[in-house]
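A.B. asks: For the record, the sequence lines run as chains A and B. So for the first sequence, the working numbering puts the first residue at 1; every next one is plus one. So for the second sequence, the working numbering puts the first residue at 1001; every next one is plus one.
Hints are computed from structural coordinates only; laboratory data are not their basis. None of the values given here were measured: they were computed from a predicted structure. Hints may contain errors.
[Said to hold, decoys possible] To give an idea of the chain B side of the interface with chain A (calculated C-beta under 7 Å), a few residues: (1) GLN1142; (2) ASP1206; (3) ALA1208; (4) GLY1253.
[As the list claims (entries may be wrong)] According to the in silico footprint, chain B covers these stretches of chain A (three or more CB under 8 Å from chain B): (5) 259 to 267; (6) 377 to 387; (7) 417 to 428.
Note that CB positions come from ideal geometry on N, CA and C, so glycine has one too.
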Amino acid sequence: MNRRPMRWVAAIAILGLGATLSACSGGSASPSTDSVPADAEYDGPKVEISFWNGWTGGAAPVIVPQLIEKFNAEHDNIVVNNNALEWGDIATKMPLAIKAGKGPDIAVAHGDDVATYAAQGLLLKADEVIDALGYAEDDFPTGLMAAGSYGGDQYGVPWSVTPLGLYVNTSVLTEAGLDPANIPTDAESYLAALDQLKAAGVQGEWVDGYVFTGVFEFESLLWQFGGDLFNDDVSKATFNSDAGVKALSWMVDLVDRGYSPADVAADANINALISGDTAFNWNGIWQTTNEALQSVEWTAVPVPQIGDEKAVWSSSTHWMFPANKGQDPNKSAAAATFVKWMNDNSAGWAETGELPAQNTVREDPALLETYPALEPFLGELEYAHYETSAPGITAAAALITTAVSEAVQGKKSPKDALDDAATKADQILEQNKQQYGG
Amino acid sequence: MRPGPQRTGVKARRNLTAYLFLAPFLILFTVFLLAPAFYGLWISLHVWNPLLDDHPFVGLQNYASLFTPGSLTSGDFWESMGNTGLFTVGSVPLLVLIPLGIAILLNRKVRGDSIFRAIFFAPYVLGVAVVSVLWGYLLDPQSGVVNAVLGLLGLPSDIPWTVDTPWTWISLIGVTVWWTLGLNTVILLAGLKGINQELYEAASIDGANSWRKFTNVTLPGLRPVMTFVTTVTILASANMFGQSFLLTKGGPGTETRTAIMYIADQGLAQNQMGAATAMSYLLFAFLAIVSVINFRVQRDNTK
Chain A
1 MNRRPMRWVA AIAILGLGAT LSACSGGSAS PSTDSVPADA EYDGPKVEIS
51 FWNGWTGGAA PVIVPQLIEK FNAEHDNIVV NNNALEWGDI ATKMPLAIKA
101 GKGPDIAVAH GDDVATYAAQ GLLLKADEVI DALGYAEDDF PTGLMAAGSY
151 GGDQYGVPWS VTPLGLYVNT SVLTEAGLDP ANIPTDAESY LAALDQLKAA
201 GVQGEWVDGY VFTGVFEFES LLWQFGGDLF NDDVSKATFN SDAGVKALSW
251 MVDLVDRGYS PADVAADANI NALISGDTAF NWNGIWQTTN EALQSVEWTA
301 VPVPQIGDEK AVWSSSTHWM FPANKGQDPN KSAAAATFVK WMNDNSAGWA
351 ETGELPAQNT VREDPALLET YPALEPFLGE LEYAHYETSA PGITAAAALI
401 TTAVSEAVQG KKSPKDALDD AATKADQILE QNKQQYGG
Chain B
1001 MRPGPQRTGV KARRNLTAYL FLAPFLILFT VFLLAPAFYG LWISLHVWNP
1051 LLDDHPFVGL QNYASLFTPG SLTSGDFWES MGNTGLFTVG SVPLLVLIPL
1101 GIAILLNRKV RGDSIFRAIF FAPYVLGVAV VSVLWGYLLD PQSGVVNAVL
1151 GLLGLPSDIP WTVDTPWTWI SLIGVTVWWT LGLNTVILLA GLKGINQELY
1201 EAASIDGANS WRKFTNVTLP GLRPVMTFVT TVTILASANM FGQSFLLTKG
1251 GPGTETRTAI MYIADQGLAQ NQMGAATAMS YLLFAFLAIV SVINFRVQRD
1301 NTK
């Protein structure tokens, strides 16, 4: 899940080259149409379509080729070629490849990237094909369709969601005299448990200032206190609202009151949970497949409601239809058939520690029989919040990490840290608006 | 004596041969260094988002922004330059003096000196990712070996090596010294072996003690090698990226984010190639000035 660092590392490798290539790409992408043809089931001539995804780790490299083989066997007129690259490679290669007409016919991207691609004219609109395939908003968790839209048009078709949850080392709870069957669900019971753990010499939650744990905990709490990351038209950062300050102060307070150690290194908290040094860790659903975790007595529950309402951070991935220079409409139509089939057959995707987006698949009781660990995360989707969909948003959102890090390390007060980050984020949003329009 | 026509012909042919031998390198140098460098200068005059087709020309705006307090880039850029400066000032003296000491010890024909040489050089063959991940484990504030050992010795065992300043700087400098001192050691050792032994004998006859021999024979003899080592080390330290990126993630906040790290973030993560290249040129100007000063200071004044 370390996709941003990976994108970076890959990007460094082509430092300089990227600039050179982009100059060669010159003309704008000009597909014959700007929408995916609206076919329920592709019945045209035989086509080969290329599929790019970033599924290079975990169970995916086994599952995806199996699914594609099955799809190819069931469809005489479509051959899907699977192409798994590092997420970072996709981010750097795909825009140039699409402009040169050499990109994929179908690809998967994270929710916060869809708008960035769409704003560059790299994607076909999917509104009509979504209708033709029979998808409606309520076929997916609330808000998930919006996470793949930009400028009033739908560009992403949901594929998976990955919410945050509360991981618990139940042995640690038992040793501290707490009942593992009665895990905290609200601020009061959570703090009471932390207090009892502290009395037993255990720092119950290790608060850090890094992406994947501390930052996503902050965002969950921000929503719980009624705040939001950005305003409606994504022109202003709002994570420094009172709700944001409350959320971050609550986290810093855990450190100040000794419920958490100070100076927690990246990933140290999940490792401490595994080694029995802490009881709770706010972490993503992907940790359910963490092999080291299976050696301890653990469970996961929905994140406790600390603020005024239930809310939790979630990421999402979406199918998108690239608008390659000279894109063959038949290939896009075939790709839509592939998307529909994949979503219908996505039950096995849970093996990777992600939840299939399609409601019918998730609601099938067979899913939980095979993957009981996912149960607490299913309920969370009713109130999950997804990443903001706007072009260039990742640059502005990165400042939240800086603010959380500064506050947790005691470098700045929560309010100052968030205010400084918001000021800078506003400048980036302004710059995004100038460059991407909208 | 005037060169006759025949001599000019020989000279011209000799030049041609030299140019032919130089050509392959010159072509590579031009294509992969010179051309991109000038292209970068051109990019720095634009708002250059490589993902977009339109790259509006803005003149010196990207440079002006860096000198305008309150602009999007100025505060972060100068903070990162300051961080790079701090790291360079902290690491370069150690990376010159420690290898010099080791090289002098190894030069004394100690038993097993080649084994020691191999041991000191060994970390250098590791990649920055390996080094950073390795030390990330060792220096982990809560579960790292280093703090555990300190605790056994009765010392503070909760030092935030990778998480909070000033410890992050100590870690970054320490790890870098451990990682790269072998290279400087080997170069300085070669320099020491190149000093004429007769000079030491002559100094002994003149009654010089070891310190006088060090200051009057060893150091002057090492001057060209020292100039090279310091220049290269300064440049390497000023270009530090991987250690910060992997070991401290630039944190806490952005306090260990180096100039290269910020430039890479601007250019590659945020797609602001224009701003990033402008920053690169400023960093380049700084390094050029520092290198010139370095050459001046270490110039042989005795000739």
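A.B. asks: Does each hint fit the structure? Answer for all of them.
C.D. replies: We went through each hint and held it up to the structure:
Here the hint on B:GLN1142 is kept, as its CB sits about 6 Å from the closest CB of chain A, short of 7 Å. Below 7 Å, beta-carbon pairs count as interface contacts, and B:ASP1206 has none with chain A, the closest being about 55 Å; its hint is therefore violated. The criterion of a C-beta within 7 Å of any C-beta in chain A is not met by B:ALA1208, whose closest approach is roughly 51 Å, and the hint is violated. Proximity of B:GLY1253 to chain A holds as hinted, the smallest CB-CB distance being about 4 Å (cut-off 7 Å).
Counting residues of the region 259 to 267 of chain A whose CB lies closer than 8 Å to any CB of chain B gives 6, so the stated coverage by that chain holds, three being the minimum. For the region 377 to 387 of chain A, the stated coverage by chain B is not satisfied: 0 residues place a CB nearer than 8 Å to a CB of that chain, which falls below the threshold of 3. Beta-carbon proximity to chain B at under 8 Å applies to 4 residues in the region 417 to 428 of chain A; the threshold of 3 is reached and the given coverage holds.
Taken one by one, the earlier hints fail for this structure at numbers 2, 3, 6, listed in ascending order.
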